[in-house]
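If you read the protein sequences in the order shown, they are chains W and G.
Take the position in the first sequence, starting the count at 1, then add 66; the result is the number in the working numbering.
Take the position in the second sequence, starting the count at 1, then add 835; the result is the number in the working numbering.
A hint or two may mislead.
[What the hints assert, rightly or not] Among chain W residues calculated to face chain G with C-beta under 7 Å, some are:
(1) TYR96
(2) GLY155
(3) SER169
(4) ARG178
(5) VAL200
(6) CYS205
(7) TYR214
(8) LEU218
(9) ARG226
(10) GLY229
(11) ARG248
(12) LYS258
[Unchecked claim] Quick list of in silico lysine-lysine cross-link-like pairs, BS3-like style, CA-CA up to 25 Å:
(13) G:LYS969 to W:LYS228
(14) W:LYS228 to G:LYS846
(15) G:LYS957 to W:LYS258
(16) W:LYS225 to G:LYS969
(17) W:LYS228 to W:LYS319
(18) G:LYS969 to G:LYS957
(19) G:LYS881 to G:LYS891
(20) W:LYS319 to G:LYS957
(21) G:LYS957 to G:LYS975
(22) G:LYS985 to W:LYS228
(23) W:LYS279 to W:LYS319
(24) G:LYS969 to G:LYS891
(25) W:LYS225 to G:LYS846
(26) W:LYS68 to W:LYS135
(27) W:LYS68 to G:LYS841
(28) G:LYS881 to G:LYS985
(29) G:LYS957 to G:LYS974
(30) W:LYS140 to W:LYS68
(31) G:LYS985 to G:LYS974
(32) W:LYS140 to W:LYS225
(33) W:LYS68 to W:LYS225
(34) G:LYS969 to G:LYS985
(35) G:LYS985 to G:LYS975
(36) W:LYS258 to W:LYS228
(37) W:LYS319 to G:LYS969
In short, the hints are calculated from the structure, not lab data.
Note that the Cβ used here is the ideal one computed from N, Cα and C, for glycine as well.
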Amino acid sequence: MKLRSLYIFHLDTGACNGCEIELFDVLTPYYDAERLGVRLAASPRHAHAMAVTGPLTRQTYYAAKEAIKAMPPKPRIIVAIGTCACSGGIFYNGYPIYRRPESPREGQEYPRRGGIFELVQDLRDEGEYVGPVVYIPGCPPRPEEILYGVALALGLVEKRAKGEHYTEEAGFELPEYPIEERIRLSLRERLKYVVGYFDREGILRDFMELAGKAESVEELHRLIEDYCLRNPDSRISLAMRVLEREFLRLKEKYGWEVGMNAKAPQGEVRGVQVAVKRDAGSR
Amino acid sequence: MAVTLKYPFVKLEAPPEYRGIPHIEPRLCIGCGACVNACPADALLKIDDHSTGTRKIVLDVGRCIRCARCDEACPTGAIRMTRNFEVATLDRSDHVEVVELRLHRCPNCGNYTDYTERALEKAFQILPEGLFDKEELRKKAILCRNCRRKLTVDDTIEASREVVG
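Using the sequences and the hints, build the whole thing.
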């Protein structure tokens, strides 16, 4: 049966309200799900589909079961909105979450169990018809994702997601960087506390480029000053200065002669007393 | 009229800072399991099979809450957040991404160790130059835990015999 429009009943099975907010966004004029024929129904008796949010708590389990049984016998589509409804999400091993006895909380199975799957499986075991389940992961999914999922249920768009299984044949590469790997990892860890994960890789890449180019500490400092002038974003210039200081500290700790273009400084560099070059092999 | 998005019928890019689903780049993954330890929702799994000598790193996007902790923890940058958000599907197995790697095999006793061959290579890359004798280290580091202990004891006994005798 080809559906032309979809009457959806929204059922909350213990969600944190994040997915609800996104679901109501979908009905605003900006996203306007009604142009796809989607309307919210007031009762499960009027609904083709049930939009389920939440990780399916024990308390809501029976109500959700009744609600799905109250739907017309076909098509009974389930739209699982959010990671919680798909597989339990962050609440996957919580004590109030309903799990079937055969899907353990700490299992190694994949795809991961939990969420509305447990209820659908129970209903199918009881002989009730339950139609296809559209899984829309996201925590919460943005309105476009929900629109995409609903359009997928209506057959308006193609499926894009595809499971992958890679083996060793995919090849292996160990990238080389202008600075030593252990120093790079230390800097990466330090940078996490300054800029977070989002800008980190880009800033570190730029810094490594400068550090590889620099012949001496003074030149590195000059290059970084130039870089900060070119990028007026104060967060980036702060991160670069933190990186420079940390880099000098680590170099001082691990030795200057070790795989480094920059020469060891003599005497005092900008107020920091740095030692003259040592033989790295002697330690 | 102009307000409404034409989304499912036109292509749409997420903004650059959007946290979409993560993706594992199999050429960079060393199978260390740092992402598995970091994941709060258990969307990542590390499944070792010592009989066949494989390790599976499994990512289930349907469990992922997109907190990007795996991205922070990964030492090689193999697992990255993408801007892809069109992952709705009717089949949950479409959400699973598996990277299957070989475990390192001890050349002395033939048992599989708890780390992959790639992780060993990465460890050698991280080691500083000049601090250790790398060739000597490479001889010992490729052994499994039991063989290494045995070798150390044997070496110690031999050395003490030389001193005594």
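Here is how each hint holds up against the structure:
1. TYR96: Constraint on W:TYR96 satisfied, holds at 6 Å.
2. GLY155: It holds, given that the least Cβ distance between W:GLY155 and chain G is near 6 Å, below 7 Å.
3. SER169: violated, 13 Å
4. ARG178: Nearest chain G Cβ about 4 Å off; hint holds.
5. VAL200: With Cβ-Cβ at 6 Å, under 7 Å, it holds.
6. CYS205: holds, 4 Å
7. TYR214: holds, 5 Å
8. LEU218: Given a least distance of 5 Å, the restraint on W:LEU218 holds.
9. ARG226: holds, 5 Å
10. GLY229: Check passed: Cβ of W:GLY229 comes within 5 Å of chain G, closer than 7 Å.
11. ARG248: Given a least distance of 5 Å, the restraint on W:ARG248 holds.
12. LYS258: holds, 6 Å
13. G:LYS969 to W:LYS228: Status violated; Cα separation ~43 Å.
14. W:LYS228 to G:LYS846: With Cα atoms ~19 Å apart, W:LYS228 and G:LYS846 stay inside 25 Å; holds.
15. G:LYS957 to W:LYS258: holds, 21 Å
16. W:LYS225 to G:LYS969: Roughly 51 Å separates the two Cα atoms, so the pair is violated.
17. W:LYS228 to W:LYS319: Answer violated: W:LYS228 to W:LYS319 is near 47 Å, above 25 Å.
18. G:LYS969 to G:LYS957: Distance of about 14 Å is within 25 Å: holds.
19. G:LYS881 to G:LYS891: holds, 6 Å
20. W:LYS319 to G:LYS957: Holds: W:LYS319 and G:LYS957 sit about 22 Å apart, inside 25 Å.
21. G:LYS957 to G:LYS975: Holds, because 16 Å separates the two Cα atoms, which is no more than 25 Å.
22. G:LYS985 to W:LYS228: violated, 48 Å
23. W:LYS279 to W:LYS319: Distance of about 21 Å is within 25 Å: holds.
24. G:LYS969 to G:LYS891: violated, 30 Å
25. W:LYS225 to G:LYS846: Holds, at about 14 Å.
26. W:LYS68 to W:LYS135: holds, 22 Å
27. W:LYS68 to G:LYS841: holds, 22 Å
28. G:LYS881 to G:LYS985: Violated: G:LYS881 and G:LYS985 sit about 29 Å apart, past 25 Å.
29. G:LYS957 to G:LYS974: Holds, at about 16 Å.
30. W:LYS140 to W:LYS68: holds, 12 Å
31. G:LYS985 to G:LYS974: holds, 14 Å
32. W:LYS140 to W:LYS225: Cα-Cα ~23 Å, so holds.
33. W:LYS68 to W:LYS225: Between W:LYS68 and W:LYS225 the Cα gap is close to 17 Å, so the pair holds against 25 Å.
34. G:LYS969 to G:LYS985: holds, 20 Å
35. G:LYS985 to G:LYS975: holds, 11 Å
36. W:LYS258 to W:LYS228: Distance ~32 Å between W:LYS258 and W:LYS228 Cα, so the pair is violated.
37. W:LYS319 to G:LYS969: holds, 20 Å
Violated hints for the displayed structure, listed by number in ascending order: 3, 13, 16, 17, 22, 24, 28 and 36.
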